[in-house]
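Q: One-letter residues, chain by chain:
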Amino acid sequence: MTSYDETAGTEDPKSLLGQLRASFDAKSHDETLSVEETLDEMWAERILAGRELSGSAVVAAAADLVIPPQSVRPEARKRMIDAASRALAERRKLNGLLPVLLRTAREASGLTLDTVAAESHLDMNLVASLERGDIRVDLRMDVDTVAAWIHAVPVDRELVVRSLRRSLGVGWTGDSLLAAGVADAPSNADTYVECVLRRLAVIEEQP
Amino acid sequence: MDISELIEQLKRGEDSAGPILVSVLAPRLLGYTAMIAKDLPLADQEIAVENAIERAVVRIDQYDSSKGTFAGWVRGFVRFAVADWRRQYADGAPVELSREVARVGLTTPDSSEDGADDSPPGIEAGVSTLVLALPEVDQLLLRLRYVEVLPHNQIAEQLGITENACRKRLQRVLERLRLLAAADRDFDQYFEGDES
Chain Y
1 MTSYDETAGT EDPKSLLGQL RASFDAKSHD ETLSVEETLD EMWAERILAG
51 RELSGSAVVA AAADLVIPPQ SVRPEARKRM IDAASRALAE RRKLNGLLPV
101 LLRTAREASG LTLDTVAAES HLDMNLVASL ERGDIRVDLR MDVDTVAAWI
151 HAVPVDRELV VRSLRRSLGV GWTGDSLLAA GVADAPSNAD TYVECVLRRL
201 AVIEEQP
Chain R
208 MDISELIEQL KRGEDSAGPI LVSVLAPRLL GYTAMIAKDL PLADQEIAVE
258 NAIERAVVRI DQYDSSKGTF AGWVRGFVRF AVADWRRQYA DGAPVELSRE
308 VARVGLTTPD SSEDGADDSP PGIEAGVSTL VLALPEVDQL LLRLRYVEVL
358 PHNQIAEQLG ITENACRKRL QRVLERLRLL AAADRDFDQY FEGDES
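Top to bottom, those sequences are chains Y and R.
Residue numbering for the first sequence follows the numbering used here, starting at 1 and increasing by one per position.
Residue numbering for the second sequence follows the numbering used here, starting at 208 and increasing by one per position.
Simulated from the structure, these hints should not be mistaken for lab results.
Given the structure is predicted, the values throughout are model-derived calculations rather than measurements.
Take these hints with a grain of salt, some might be off.
[Said to hold, decoys possible] Cβ-Cβ distance ranges computed for the label pairs, FRET-style:
#1 161/Y / 378/R: 50 to 56 angstroms
#2 134/Y / 335/R: 52 to 58 angstroms
#3 336/R / 124/Y: 52 to 58 angstroms
#4 342/R / 119/Y: 55 to 61 angstroms
#5 391/R / 82/Y: 45 to 51 angstroms
Don't be surprised by glycine CBs; every beta carbon is placed ideally from N, CA and C.
Chain R with its partners taken away, still in its complex shape (with noise of 0.2 angstroms):
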């Protein structure tokens, strides 16, 4: 079964698609939430994951699969229930939560106080458009570091290279794509001034 058969399964609520979704990525989204939340118990990673299948599938009407794969857009619950568990248990841990709330389309009761973003509109594309100028094993690196979230030590180790190689090439593509940024006009004026 391909993924969008899956997916209209899951729209139509048939039982049988629930195991089979499990099968296919469950597996990942664990090795997932064990590289962005390792301090985590593995009976928390796996009720994050099981958190995420669960507000995944009450909310399957709002994946677009012209913004990213499904397992992507299933990863941003991944990242929701692991900041809504360290919130809840770890005390002090720093926790991001709004955006990662606009993204994956949840509110919150609180949500509305959790920082919304305050970019103008449009500013998502306009970053979007600035890192599809980089080229395709750049655009991977940012994704894998500032999308997925993963640490640096995470990507190092599953490319087979050393921390520091994959943070200094991160530097590096991040000094080209801030030149470009600032012959952007428009996009320089938002963030001019801005910086520490």
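Only chain Y is shown next, with the shape it has when bound in the complex (with noise of 0.2 angstroms):
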């Protein structure tokens, strides 16, 4: 697979510019077209504006070349570098413990406490706990608990997998001291997050 980024490192877009340059001749700076738009044109609007088309890196990478940079005021660059520290806080969110990547999801799709609760059949301070991290999710944690809270919530299924291994990485571990009392429960993260998707699968088959 090409990544398009690395291609145009090593390859000369700047040449490919170059010829296209030179591919002007003196007589095409005479011609002249209709200000009217072509039957051509009026086709390539069509079919070709606003694609993604696929082509040689050096393309896409000469393409970069031909847009000229302007300065940018420092209150500008400013606002900018705060529109991406914002966006990366909200990466950071998504990219953090179960608890704060539900409770971020649930804020975001417009779910309140009471409708995650239901959906879940979990109790409402029992939900708000979870999100505020009063009630850890470790190994000890129900599974089904923990699955019903995830179905509840509609968020990409990798993001919680991370999310929830490393929720389990900084929580209880499965010390096998502490265990005593808990001896159904997964006895390591790998085996909680199976028990978990197994868990979420038979919810989303029911009706």
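Build the complex from these two chains, which are given one at a time in their own frames, with help from the hints.
A: Given below as structure tokens:
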């Protein structure tokens, strides 16, 4: 697979741009077209405009070079950095522990704690405590509860699994002495995640 | 730092990646905005870039380096921001949002009513195949006009040629492309009779 960003560094888009410039001869400068849009131009607007054309990497990189840089005013630069920082903060939430992810996703979807509690058949106070981190998500946490909570919040499953693993990694991680009384609990993060995914599959099969 | 490393930092949400991203991309994004939206006041061009940067970082997981350059991908968000600006503030200006929305992976509340692209599956690949049959210099010209949506006069200015020369040359490229399209039965069948 071609990585356009890498290829752009190893091929020579400048040379292609030079070839394009050189390909215009003196004659082509004198020719004129009518002001009105030609049939071919109309056809191209319909067929080409806005499409994601895959092409050679050097062409894409040469297109980058045609765009001239323009100096950015310091105050605008600051606002752009602030905008990037806001977006990065959102990303950190998505890369965080499970309670942070599920709360962020719930709020982004406009769901209330009530709705999540009703959908998951969990007590609203329990959902609130889970979101606040008052109750830790670790290997001792009931798998059915975690699966029901996840099911009630619309969020990318891959992100959920990553966040769940992180939560399991920082919480109780299966010390055998502490396991007394929870003998049937999954013994490690991998098993726990598998159990949650199996339970989620069961929930999602239910009408 | 190379681009792929910067992208990984952005994906991880590292705060230090923000200023680097702005340093690397903002000058050309602003230059690009000035090319496609000369009528916008500078402050609004800057806001378009600001919005584009924010949207790109939020959706960085969707960037696929096998489909184009990172800078090219972010320019899609600039086009979206400019179209959005026109829709909000410039009464009557023609706006074609649907394809841009689809291309940069955005959804808007009204995107379903915005006129989705009704091309059959695979038509994008078909168009790409036709374009790939052209010499690279011609591909570049088509990309500048129809993917980057640069006006003829802006392309001409950057290439150091006249606007007439630019348009005439594009006209010849399009004639060649239409011949190729006419020879492609599937392609021709889909678009047959759909011309003015």
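Q: Next step is simple, just say for each hint if it's right about the structure.
A: Each hint tested on the structure:
| no. | hint | verdict |
| --- | --- | --- |
| 1 | 161/Y / 378/R: 50 to 56 angstroms | holds (53 angstroms) |
| 2 | 134/Y / 335/R: 52 to 58 angstroms | holds (54 angstroms) |
| 3 | 336/R / 124/Y: 52 to 58 angstroms | holds (56 angstroms) |
| 4 | 342/R / 119/Y: 55 to 61 angstroms | holds (58 angstroms) |
| 5 | 391/R / 82/Y: 45 to 51 angstroms | holds (49 angstroms) |
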